[in-house]
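Given the sequences, and given the hints that come with them, work out the whole structure.
2 protein chains.
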Amino acid sequence: MGKTIRDQLGRVVEGDKALVTPAVVLVRPQLGENIGAACRCMLNFGLTDLRLVAPRDGWPNAAAEPMAAGAIDVLENAKVYESVGEAVADLKFVLAATARRRELEIPVIGTGDVGSTLKTYSREGTATGILFGPEKAGLTNADVVLADAILTYPVNPAFQSLNLAQAVNIFAYIWASAEDGGAPPDLFQKDISGIANREDLVRMFEHLEDELDDAGFFYPPEKRSLMSQNIRAPYTRARLTAQEVQTMRGIIKALSRGRGRGQTNRGQR
Amino acid sequence: MGKTIRDQLGRVVEGDKALVTPAVVLVRPQLGENIGAACRCMLNFGLTDLRLVAPRDGWPNAAAEPMAAGAIDVLENAKVYESVGEAVADLKFVLAATARRRELEIPVIGTGDVGSTLKTYSREGTATGILFGPEKAGLTNADVVLADAILTYPVNPAFQSLNLAQAVNIFAYIWASAEDGGAPPDLFQKDISGIANREDLVRMFEHLEDELDDAGFFYPPEKRSLMSQNIRAPYTRARLTAQEVQTMRGIIKALSRGRGRGQTNRGQR
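These protein sequences, in sequence, are chains A and B. Using the working numbering, you'd call the opening residue of the first sequence number 1 and step up by one each time. Using the working numbering, you'd call the opening residue of the second sequence number 1 and step up by one each time.
It is possible that some hints are incorrect.
Now the stretches of chain B that chain A is said to cover, found in silico as 3 or more residues with beta-carbon under 8 Å [as the list claims (entries may be wrong)]: (1) 61 to 72; (2) 83 to 89; (3) 136 to 150; (4) 214 to 223.
To be clear, the hints were calculated from the coordinates, so they are not data collected in a lab. Since the model is a prediction, treat every value here as computed from it, not as a measurement. Using N, Cα and C, we set each Cβ at its ideal position, and we do this for glycine too.
Here it is as structure tokens:
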């Protein structure tokens, strides 16, 4: 699997070929605020194809833009349809997001598999999409029957009504997290070249233990070896950087100089 | 692997034993609407322990309830703290949700592993939590350094600012969707039953830094905050046991008493 590259709109591209990202289809949405918030959630995770089926308050809707919080391209490029059938006409794989059990012979898929399924389709150039129902009533069976599969989230059965934008949010997250298996982005891959040499670590231990000897810390003397091990273990475990070892040396010096005498003696040890 | 059963508040229980679910800690949140929306997202996925650190508009906040949309138990049981340190005092594993790279020696974990790690802790009865920063500024480094690890979402680099409730929503989904029983990654293999409370760790930091103040270590003064973060990071990272924190306290006392004076003053500080 090649490295994921995104274009300026945040769409996933690979090499020169743009992936076809899933369309988010809001069916008869009621509140402009939720439509705007959905735009933000989509773009946060690289989705840009928003489709609205018969939005209750018409389109455009002034309440949407503030909640889009900058995802204006998604908002302005939203397409409006009169029916679900028209909205999904060009799609080859359609999901319906619903928490209700339906008496329909449509397979139900969980969130574990759906991300990689959609990514595979996208890589093949297959157009996909997902239906979200209106805030109050959810999708009708007539809507759901246009889908290839039902997607259901692992919600709390005692409190299962998700806000519309939050439902879109989770879908967008599932999409974005599928490809890389949830590994942190490259940005965060820590360079460990800064880890201290073991030699510097041992010198730090000796410095600390010399000072503790002077302070009468190791008592009774026959326990010195065990106490020393217990002191060393957490520092080894923390994998101190070279800089942190220097800081620790400074701390040991400062403390062992005695309280209140540090400033005058600075640098003299 | 037993079937997951939830109680009426939506908390995950298994047999008779309630799992300790992760605390959601909103640090200096600005908008009551977002706090309310976070409650709803939490309860949708079975989280109930909400903690607020210094909410900008005080607490309670009338703007929160409409957005909680029925998750009133979560809202009313929210606890308010003055500082992050107090809010996480009883927790043994703390995450910080942030999209910014930090110059801190704190591991970054991806969303792929975190759910099962948290589930494992919960099953052991280990208290965990996650910090979310204020809407505009996000978490400060001083906040992040109180966490064991940074959690980052696979966001679109061209549009990465998530709404606060949206960020909570994804975390709650990750919690709910995590497979039970997955082995935690190597980072977490240590048996953490003996891990120090965060409160004890913070007290240890304060003890150390008080002594370092007396010793004139923090120089120049304007760098105190940065120096303090650098001192704290490796200890947080090492995940000190309660016993190790005691040992560290002893070391700080012994050293700061001044060289050669330890034995005579033993136990008097």
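Evaluated hints:
| no. | hint | result |
| --- | --- | --- |
| 1 | 61 to 72 | holds (count 3) |
| 2 | 83 to 89 | violated (count 0) |
| 3 | 136 to 150 | violated (count 1) |
| 4 | 214 to 223 | holds (count 5) |
In summary, the numbered hints that this structure violates are 2, 3.
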